[in-house]
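Asker: What follows is the residue order along each chain.
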Amino acid sequence: DAGVTQSPTHLIKTRGQQVTLRCSPKSGHDTVSWYQQALGQGPQFIFQYYEEEERQRGNFPDRFSGHQFPNYSSELNVNALLLGDSALYLCASSLTARQETQYFGPGTRLLVL
Amino acid sequence: GENVEQHPSTLSVQEGDSAVIKCTYSDSASNYFPWYKQELGKGPQLIIDIRSNVGEKKDQRIAVTLNKTAKHFSLHITETQPEDSAVYFCAASIGSNYQLIWGAGTKLIIKP
Chain H
1 DAGVTQSPTH LIKTRGQQVT LRCSPKSGHD TVSWYQQALG QGPQFIFQYY EEEERQRGNF
61 PDRFSGHQFP NYSSELNVNA LLLGDSALYL CASSLTARQE TQYFGPGTRL LVL
Chain W
1 GENVEQHPST LSVQEGDSAV IKCTYSDSAS NYFPWYKQEL GKGPQLIIDI RSNVGEKKDQ
61 RIAVTLNKTA KHFSLHITET QPEDSAVYFC AASIGSNYQL IWGAGTKLII KP
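Just so you know, the sequences run in chain order H and W. Residues in the first sequence are numbered from 1 upward in steps of one, following our numbering. Residues in the second sequence are numbered from 1 upward in steps of one, following our numbering.
Everything labelled a hint here was simulated from the structure, so no lab data went into it. The hints are all genuine.
Restricting the straight-line Cα-Cα distance to at most 25 Å, the calculated cross-link-like pairs of lysine to any residue (SDA-like) are: (1) H:K26 x W:G95; (2) W:K22 x H:T101; (3) W:K22 x W:P112.
If we strip away everything but chain W, and leave its shape as in the complex, we get (with noise of 0.2 Å):
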């Protein structure tokens, strides 16, 4: 079935270096990318999201780019913050009513 693997499981960073977080989705049908943040005891925020008729977006620190051919999508934070420590879920829509399928998760530790 569909599916969408995520990389890494966790980062760690330095406070005010980059994150990259990428995506790789199996369903070529696939034409909506949100990325979402989750603090602890709080559900997912949309940060971002990309389609498929798009190669990148950016959103002041935050940016996704999206390879339709290699079926892959990175999330990229620039000058991280403390306040940008959470789990990151990207996720790849499939169906015509954009069921998501999403990704494990990605553990973001910004090190002061």
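Only chain H is shown next, with the shape it has when bound in the complex (with noise of 0.2 Å):
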């Protein structure tokens, strides 16, 4: 059984350009939920996502932006991108948007130069 998958596991961006982050949710799993962790604090949450729609957003501009698939995969977009958005970027599903539980990928380390 296939747990959280992102891709891709290291990105180096230079300040201003955008970028696309990619998640395929545990098997099973229909919402998808993705969180910004900066080196040495907790991960703050970005936004979920359940049945194709945003439906939770967190403290994040609108720079930040995603999309859910059929599939219940998902992709996070990040526009016009700072030297502060270098975090490593988690992705985590549950079984529906009213479960607890969440199962968390590898993440994708972001270096915004």
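Combine the two chains into a complex, taking the hints into account.
Answerer: In structure tokens, the structure reads:
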């Protein structure tokens, strides 16, 4: 049973560029949440996707957007990258939007130069 | 806004001894409290969780206690082993879709 997978594992971008990160949820899960984890800190909630719609959003600017596909996989897009966007981006999946338990992928390490 | 405070930030214990990590949450409506273990270069791994209708839960060497009145919960690891070395995060749910608010993490070091 495949767990949550994310791609790419590492990424280097320059300020002002745009980036797309990808996530496939755990088999049988239909809800995906995205988190940003800065070095030495706990993850911060970006948004959650369920039934191909953004259901909840944390305190992140509109530069952060997402999408969920019919197969429940998801993308996180960040436009106009800033140095402060450098972080580990984590994807978590859960059985449904009302199921508490979240399983995390290994993350994508983004470095903005 | 809602927040979760976690202490200590670093905990060093002798192998075989017990470790305790404490968290305090601010939202009285929080009803789900997971603990995650994160090893270097990996994503967080759920190790135990507790819901607000339960005061204590145990899974082998790991236990979690919840005091709703005081709004705090704790992770207890007994008979610590070298593989327990990692960063541990507590979290509390907010909202109807279980958005998680996380603590800042505790780096647990097991001394041989």
